[in-house]
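Visitor: Chains as they are written, first to last, in UniProt numbering: chain R, 1 to 330; chain E, 1 to 193; chain Y, 1 to 706.
Derived by calculation from the structure, the hints in this document are not laboratory data.
Glycine is no exception: its CB is placed at the ideal position from the N, C-alpha and C atoms.
Treat the hints with care, since some could be wrong.
[As the list claims (entries may be wrong)] If you want a taste of the chain Y side facing chain R, the calculated C-beta under 8 angstroms gives, among others: (1) Thr47; (2) Gly51; (3) Glu118; (4) Glu122; (5) Asp618; (6) Pro619; (7) Pro693; (8) Asp694.
[Said to hold, decoys possible] On the chain Y side, residues computed to face chain R include the following (Cβ under 8 angstroms): (9) Arg101; (10) Arg121; (11) His571; (12) Ala615; (13) Val616.
[Unchecked claim] Which bits of chain E does chain Y cover? Going by a derived footprint, with three or more residues having C-beta under 8 angstroms, they are: (14) 25-31; (15) 36-45; (16) 48-56; (17) 95-108; (18) 114-125; (19) 160-174.
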Amino acid sequence: MKEFTYERARDVGGAVALLDADPQARCLAGGTNLVDLMKAGVERPGQLVDVRALPLDRIEPTDDGGLRVGATVTNSDLAAHPQIRRHYPALAQAVLEGASGQLRNMATVGGNLLQRTRCAYFTDTALPCNKRSPGSGCPARTGEHHNHAILGASEHCVAVHPSDMGVALAAFDAVVTYETAEGAAELPLADFYLPVGETPHLETALPPGALITSVTLPPAPVAARSRYRKVRERASYAFAIGSAAAALDVSEGVVREVRLAFGAVASRPWRARVAERVLTGQPASGAAFAQAVDAELAAAEALPLNAYKVPLMRNLVLALLTELAEEAAR
Amino acid sequence: MAPATASAITLTVNGEKHTLTVDHRTTLLDALRERLELTGTKKGCDQGQCGACTVLVGGRRVVSCLQLAVAVGDEDVTTIEGVANGEHLHPVQQAFLDLDGFQCGYCTPGQICSALAVLEEHAAGWPSAATEDVRPEAGPPALTPEEIRERMSGNLCRCGAYVSIVQAVAHAAEQTGGRTAEEPQKETKEPAA
Amino acid sequence: MTTTAKPPAVGVAHSRVEGRDKVTGAARYASEHHFEQLAHGWFVLSTVARGRVRAVDDEAVRAMPGVVAVLHHGNAPHVATDYVSFLGPPDPTCAVFQNDRVPHAGWPVALVVAETPEQAREAAEALVVEYDEEAHDIAFRADRPDAYVPDQGSPVAAKGDLDAELAASAVVLDATYSTPEQHHSAMEPHAATARWDGGRLEVFDSNQGSMWVADELAKMFSLDPASVRVRSEHIGGAFGSKGMRPHQAAAVMAATALDRPVRVALTRRQTFAITGYRSPTTQRVRLGADHDGRLRAFGHEVLNLTSTLRPFVETSAALGRVLYDAEAHHTAHRIVELDVPTPTWMRAPGEAPGSFAVETALDELAERLGMDPIALRARNEPAVGPLSGLPFSSRDLLGCFTEGARRFGWADRDPRPRTRREGRWLLGTGTAAATYPSGAAPSTASVTAEPDGGFTVRISAADVGTGARTALTLVAAEVLGVDPAGVTVRIGDSDFGPAWVAGGSMGTRSWAWAVTSAAEDLRDQLALRGQDVPPEGLTARVDTARLLAELAKKERHSFGAQFAEVAVDVHTGEVRVRRMLGVFAAGRIVNPLTARSQLVGGMTWGISMALHEEAVRDPASGRHIGADLAGYHVAANADVPLVEADWIDDPVPGDPLGIKGVGELGIVGAAAAITNAVWHATGVRHRDLPLRPDRVLRAEEAGQGA
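Between the sequences and the hints, there should be enough to build the whole structure, so can you do that?
Guide: Below you can see the structure in the form of structure tokens.
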């Protein structure tokens, strides 16, 4: 870890000015990913701009009935918030399924979206990695990739995004608000992450020097009946090998609205829009659920060691939708 | 003048103020262990992957290995050295001792600090991943062994003392007035003489 | 002969005597001793898996802030490597920086020493090391043509004609099992602080035998043994990995070169590379039986890997020589040398992976015979050592199964697989046998009667979390007829003289023997003096070498029966252990509280081994991929249900002590009990560990389910 300067920003304008002035500067919030990557030599910032003292730690209702979550709200506070638990239970569950109690107390909403992949080739600086060192190659494709992407990857990178929170945010059409020297702007989560393509090192559409200030959850009555399920290699304190957030509105046996997003299958939280389209208006039956998820997974491109993720996601989503449908029928 | 890569900070640890100059790279963990000689907080992985370095900052449990010392600010830090009341062990410490909630003892300070926070978080009504229904209408979950296991999962114990750790946390919760639920299976552990 | 009315100390639960220090943070571990002028060493490990170091460009790094030295093969002092230590020839990994050869990825190529850990880390990261890389070979496969029978230990043991008995058997099983590379992952990373103090070398270290490390350091650096002191008061877990390792040698080199105290603390990632690990195994088991379950043939052939530096045998085929008899009985080890680090002992070396294969095979055979797995084991219970012909000092495996079956509710089990369901979970139960040798090794100890009425025991023992310090306190108190509070046990100091290490489940037995003998001696001396203690105190000192030599030659082992209930979601591949019970016959239990913790800890390792642990090497680079605690999973709290361990009476006639070890026994058979339960739940037999969700799911998808 090289030496760096440290500034504690007092207001958003000050933070943005610091980030704007120094391309080597990085935002420090919870530090749960950044400090680890700095120790590993993957991140080598010249300056840290500490944003935790900024007044961005509130969860407030929006005028249209949604919720605006400040960027420095900790994972713990997000998951414990009564309105989140009431109106977006899958989001609270997703957050609680991530990391540990200690890490959730530190990690923030903004930082969660910006966290880097846990691909072991990315975090080992002795090895090639197109994401860390563009053009050096991707040994994961022919090496250890049992927890790598099946959707939206490219020959240049098959890493997955590790977030649980992001999966629920994707399902609920969250919108990211950020600030630059030019002022405030918004990015729907759907447009927040860039396609992998030939540039896996370019991960988000945020302009350089941008500071995430909040994440807005639009009102979504369907989200009140939502659930997050995560499969991992131990019962707790492990990243997903497959996860899904789902919300289902069924009336008279017909799916009126469905939200579905997958985790640990792509370089970003994967909104399953194909499946949603196929399922909407169909009977809430196992057959329809299977048809929908199969339609989404038709695009899957598996490698030898991660092919299991296709049946895993199919089974997981089928079980999740079935549970939600049974609850609705109750 | 070269930009500063070290800063003078004041850390309040277990109620005592310490003023020191830290390299910005210094974590809270290293500041405690190397600078303040508070070695009760342990370094197990230095990567946020084991929980051995758990301390309370502003009353909340964090992994001190990923917390830069310079960024702690004016929040109070509580380490294992500040848990007992003089010679009088905290009920959580006493339960770990009596029920043998440790073996080598290296993860123990982190487990105990974590357990203190678990009791607080549970008392505040926080749900966990083990909570069947997270909606506030469902009410706060009882502190079942399953809940304790999930909430304590950020603290690895390689000796394999989890069974006793869960019993110690449940026992301490009873002592301190928390709601617990009995494990259905028969209990075989005899208390220490 | 005890002449006191004091209540017994041995056999009564006693919390750890150092427990208060451990729950208050007062206990100091190896990297927690502070000295003026302390410098910090940081290893630089090779990025390539095979080759030579062409150049270490240390000039730029020496100019970095705080850097005081850069040690590497170009400037490090020569040390001896041709000695024989306390535990045999040294591990060549430990004599750091002696040549330019790189035999595996993660080989120590330099040590950067700086004023602060932050400076040392940055300088170590900045150090440019150039390599002449050579093609490496890390492919571990059962069909390696270069595998060979090692010439150490007992690689092969055989009686009868295996092929003929297999041919004559009514039911035959021939299956291959595998276990992956596994790492100790003690919570405390290895660390040593070395300093010269008044002409003596003093090393604060985390190890399983301070005498062992002191002996190695004296020989490696050609020092008078009396001038080397190694202290290891508290150890944050060891499990076989904490013997002589590279960090002690590097710390001594740097402290000597700089004439100031130097600490070398390994990072978690570095512990994965240079502190040993359990070799992967591939194991072929062949069983042949009559219809009534009597074994005619028992064959177990094991292959493990080792480095190009030193042969290491994971003695997985050894436990079959104890557990079951057969007309023909063949067990054999082979090893293959690859460009990987040298494996070492890890909790129940040999027995842990070996029991997975043998105890799964027994379950498979029971299934084919339509026999209860416990009945099958009872049918093949030997009267004497199946190969040695020696009598057992005590053996009550069947007593363990009987008591375990009763408590676990085994009689109510429907033996048909895939018959119990609860929501999304399929449920099943399984069992397996456990055994581990109960050896003893010579040790010295002293017991002193202090003028204030107290007693002090000194022995170079190590408490790696086993509760040894407490057990020895109880043993001494029992012999002396005093309250344990009146006994102070001092351990972890090589100045206390030679003693066995905390290993092989022989620690407590070996040390307790020495302490018992010294305490008896002291008690007799005190009786002769009318209990008069001189002002300087009265000390009795013993060496148990002669006593041990008098012990009759017998098969000496502990035994146990493992039971597990699991839940499997075959649609996601998730496996959860719901409950475990182990009932053991482990001799005289010194401290029920800590012995139970040890056994439960071992069983918890069994859960971890069955479901989680696997180190993966990248074929292209030869590097261990994901070498940290997020990449190498050990069981977390949520993975471990109520695990119960208990024991039955196990007197050992003719044994003056009657104590056996409990450190390793708990893991033996535990993984097999779990995988056997997974078969019972799903109808799918898993022969490769660990049972990760992808493997369980793939097996289900492949239609292996009933």
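Visitor: Against this structure, judge whether each hint is valid.
Guide: Hint by hint, here is what the structure shows:
no., hint, verdict
1, Thr47, "holds, 4 angstroms"
2, Gly51, "violated, 14 angstroms"
3, Glu118, "holds, 7 angstroms"
4, Glu122, "holds, 6 angstroms"
5, Asp618, "holds, 5 angstroms"
6, Pro619, "holds, 6 angstroms"
7, Pro693, "holds, 6 angstroms"
8, Asp694, "holds, 4 angstroms"
9, Arg101, "violated, 19 angstroms"
10, Arg121, "holds, 6 angstroms"
11, His571, "holds, 4 angstroms"
12, Ala615, "violated, 11 angstroms"
13, Val616, "holds, 5 angstroms"
14, 25-31, "holds (count 3)"
15, 36-45, "holds (count 9)"
16, 48-56, "holds (count 3)"
17, 95-108, "holds (count 11)"
18, 114-125, "violated (count 0)"
19, 160-174, "holds (count 7)"
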